[in-house]
Amino acid sequence: MSRKLLLNNVHVEGIHTYDVYRKNGGYAAVEKALKSMTPEEVVEEVKKSGLRGRGGAGFPTGMKWSFIAKPEGVPRHFLCNADESEPGTFKDRYLMEKIPHLLIEGMILSSFALGCEQSYIYIRGEYMYVLRILEKAIAEAYQNGWLGKNIKGSGFNLDLSVSPGAGAYICGEETAMIESLEGKRGNPRMKPPFPAIQGLWQRPTVVNNVETICAVVPIVNEGGEAYAGVGIGRSAGTKLISAGGNINKPGVYEIEMGITVEEFIYGDQYCGGIKNGKKLKACVPGGSSVPILPHYLVCKTAEGTDRLMSYESLAEGGFATGSMLGSGGFIVYDEDQCIVRNTWNFARFYHHESCGQCSPCREGTGWMEKVLHRLEYGHGKIEDIDLLWDIQRKIEGNTICPLGDAAAWPVAAAIRHFREEFEWHVKEPNACMTRNYGLVTEKIFEKVNA
Amino acid sequence: MSEQIQQIKVTIDDQTIMVDPGTSILSAARQIGGNVVPPAMCFYSSLKGSGGKCRTCLVEVSAGSEKDPRPMPKLVASCSTNVMDGMIVKNKTSDRVIDARKGVVELLLINHPLDCPVCDQAGECSLQDLAFEHGASHSRYEFERREFDQIDIGEYIKLHMTRCILCYRCVYIANQLTDNREHGVLKRGDASEIGTFIENSLDNDFIGNVIDVCPVGALTDKTFRFRSRVWYTKPMDASCSCGKCSGNAVVWMIGDEIARVTARKDKYGEVKEFICNDCRFNKKELSDWKIEGPRQIDRHSVISANHYEKAAPIHTPLLNKA
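Read top to bottom, the protein sequences are chains A and B.
Position in the first sequence counted from 1, then plus 1175, gives you the numbering used here.
Position in the second sequence counted from 1, then plus 594, gives you the numbering used here.
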């Protein structure tokens, strides 16, 4: 059994209420930090823990915190990024829905560590019911003196509020989120200056993902070194994985980083194998933005070693034979799924969600969607595959924010690993409309056996 | 001379120049001048916050600074990246830049109607110049192009959104020249459009300047629409006494008639002195203006063809300084 740090109390009846949460050891970390630690010590513990951002990029949290500028007399802000919109990812919703006080506790700790007196949770507009849960929890925290002026006599003040977005994926990008919080159109800002120097209202700001903030609670409770002991190498701690697709048991799982991908897909305590006894065809291990992996690269790396659920192992081999842990949206495809259709679906999403600010992403995402649509519906040409490759190459790395990259990578990976399936769509336009390429031709298997 | 600012060294396409700290790569390149200047569609030096959007000014930084000579992994937007001491930048000499720029031009053009033959901006259009220099001769885009209805915003300005490349310049100028926020960008992605909320008119003394800052033919002067191709008109520097603006403008003449009035643009297409609507739209009589002499059009596009080519030497501040 792997250890659980965030979800150990999730099945306790009524854990979303303050009383039950408190009885189960809640707010102990805040008590400890406010009574016996300085803000610098909290930052130090987080640094020691090796915690990395859980939103997708995996940037070390302690380091991010230490970058925040501390000019005299300028308030700083701490923001929680709850704009979880990556297709395939639903871990933050689960956390906020089940144990909202854990997030609030993490927000208090992080704000204390960074010296912020006004913090915000930016939640996506579609999570309206979660917003109500959070608002209720915040009200309870205020009533019990965990928020507000002079918290528990420590002299630390914190106000916390929740702001909903209006349903734009781009507002999950931190600078777009800041713009949106300021009441403007959610266009990402140019970097530098980074938010740690000029963020919300031009003040130093740190933005963290829900899961990252929650992970600060066990770090303060048990100490940074203890947290670093969980997991493997530089991938410390546990990670929530939202597993979906053709598996027997979709859902949110907390795993200790370092278990094998094979155990995660086929293990009974996790996904429980592929549904209906079918074969694994492909897997997107970290949300729709990361490159798709064909089945022969899912459980093993290109070198033949076991692939583990960790930042490093999933990225092994670079984009040629690897992928990314990303936000942990683990999507599994069985033999009946059509990769072209899936890629088209992702491209459609990015086309719809591009903010339209910079030209490569605004124009390129739409073009890719149209070409993929043509391929999927049997009107494609063989040159379209090279054209797609060319378009994604022109987008990647040339945009203001990472949305351009996120739109380009899945297309690139699909062509890289499933080119034959794209070609089949061109060569057999009638067949591709009546059945899926799947593993029917077994070509993909031949490739492995050869 | 009271305070000596420590100048820093930057090398762009093997040409080195000393500039003040805080200068962007693009303006350092403009100080060198000539071939090393990256094209810019959205950046406008007098508009705060502009730039970074069109991605045509991407350059390669092959050494970040003297202290940290590592190259930057991605191409950077030269208009919004500041130079560091000892930075080495590649523009025309980098194949990556040429390739990326060609890609950006192709992407900018896929939804552009390419209706240059009937567009008033033809001849002085930045996109036309850019496509001519960096674009491919044909498009690989085989789908329907994005289309919008033409809108009249105000009495004098026509918005032809289909031609727009969403540089946001007109949004910035309206925000920064006028009291109220009058228009902005609606919707998102490739459906975004410049617009006013529920077709309000733009009503401000200086709003006509959105026409001058527009790099393409999306915002055009209704008093000049379809009157003439710009290269058949004769630009003359002219001034008038105006209470609202400086009164320094360019009048574009057909014979003895003033066909249109614009502000004076420098060689990068940027206006330094904005003019008021009154001068731009209403003063169309020769008696309204004091003609100062032929306007030197310092642009390499068709607009400068057969215009006073052997006139006074081109004003080059750098040469004069040296």
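Hints listed in this document are in silico derivations from the structure and should not be mistaken for laboratory results.
There's no promise every hint is true.
[Stated by the list, open to error] Here are the simulated lysine to any residue pairs, SDA-like style, with alpha carbons at most 25 Å apart:
| id | chain 1 | residue 1 | chain 2 | residue 2 |
| --- | --- | --- | --- | --- |
| 1 | A | K1245 | A | R1268 |
| 2 | B | K781 | A | G1189 |
| 3 | B | K781 | A | H1527 |
| 4 | A | K1223 | A | A1403 |
| 5 | B | K878 | B | G717 |
| 6 | B | K696 | A | G1404 |
| 7 | A | K1424 | A | E1188 |
| 8 | B | K668 | A | N1199 |
| 9 | A | K1210 | A | N1199 |
| 10 | B | K668 | A | R1307 |
| 11 | B | K668 | A | K1475 |
| 12 | B | K603 | A | K1556 |
| 13 | A | K1245 | B | L708 |
| 14 | A | K1359 | B | M755 |
| 15 | B | K661 | A | M1238 |
| 16 | B | K686 | B | F737 |
| 17 | A | K1359 | A | A1403 |
| 18 | A | K1556 | A | A1490 |
| 19 | A | K1556 | B | G729 |
| 20 | A | K1545 | B | E867 |
| 21 | B | K752 | B | E660 |
| 22 | A | K1222 | A | E1188 |
| 23 | B | K668 | A | A1495 |
| 24 | B | K828 | B | K884 |
| 25 | A | K1602 | A | E1571 |
| 26 | A | K1556 | B | I626 |
| 27 | A | K1223 | A | T1213 |
| 28 | B | K668 | A | P1368 |
| 29 | B | K668 | A | D1565 |
| 30 | A | K1222 | A | A1401 |
| 31 | A | K1545 | B | L708 |
| 32 | A | K1545 | B | I626 |
| 33 | B | K661 | B | I626 |
| 34 | A | K1556 | B | R734 |
| 35 | B | K668 | A | V1187 |
| 36 | A | K1207 | A | M1365 |
| 37 | A | K1556 | B | A730 |
| 38 | B | K668 | A | P1367 |
| 39 | A | K1359 | B | S733 |
Is it true that the CA of K661(B) sits at most 25 Å from the CA of M1238(A)? Satisfied, since the Cα-Cα distance of roughly 22 Å is no more than 25 Å.
With a cut-off of 25 Å on the C-alpha distance, tell me whether K661(B) and I626(B) pass. Since the Cα atoms of K661(B) and I626(B) sit roughly 23 Å apart, the hinted pair holds (cutoff 25 Å).
Are K1223(A) and A1403(A) close enough, with their CA atoms no more than 25 Å apart? holds (7 Å)
Are the Cα atoms of K668(B) and V1187(A) separated by 25 Å or less? violated (48 Å)
With the threshold set at 25 Å, check whether the alpha-carbon distance from K1545(A) to I626(B) stays at or below it. Judged against 25 Å, a Cα distance of about 42 Å means the pair is violated.
Is K696(B) within 25 Å of G1404(A), Cα to Cα? violated (50 Å)
Checking one constraint from the list: CA of K668(B) to CA of N1199(A), max 25 Å. Satisfied? violated (48 Å)
Mind checking the alpha carbons of K781(B) and G1189(A) for me, to see if they're no more than 25 Å apart? Distance ~42 Å between K781(B) and G1189(A) Cα, so the pair is violated.
Straight-line alpha-carbon gap K752(B) to E660(B), limit 25 Å: With a Cα-Cα distance of about 50 Å, the restraint between K752(B) and E660(B) is violated, given a limit of 25 Å.
Take a quick look at whether K1556(A) and A730(B) sit within 25 Å of each other, Cα to Cα. The hint holds at about 21 Å.
Agreement of K1222(A) and A1401(A) with the hint, judged by alpha carbon distance not exceeding 25 Å: Judged against 25 Å, a Cα distance of about 12 Å means the pair holds.
Is it true that the CA of K828(B) sits at most 25 Å from the CA of K884(B)? Between K828(B) and K884(B) the Cα gap is close to 15 Å, so the pair holds against 25 Å.
Going down the numbered hints, you'll see the structure goes against 1, 2, 6, 8, 10, 11, 12, 13, 16, 17, 18, 20, 21, 22, 25, 26, 32, 35, 36 and 39, while the others check out.
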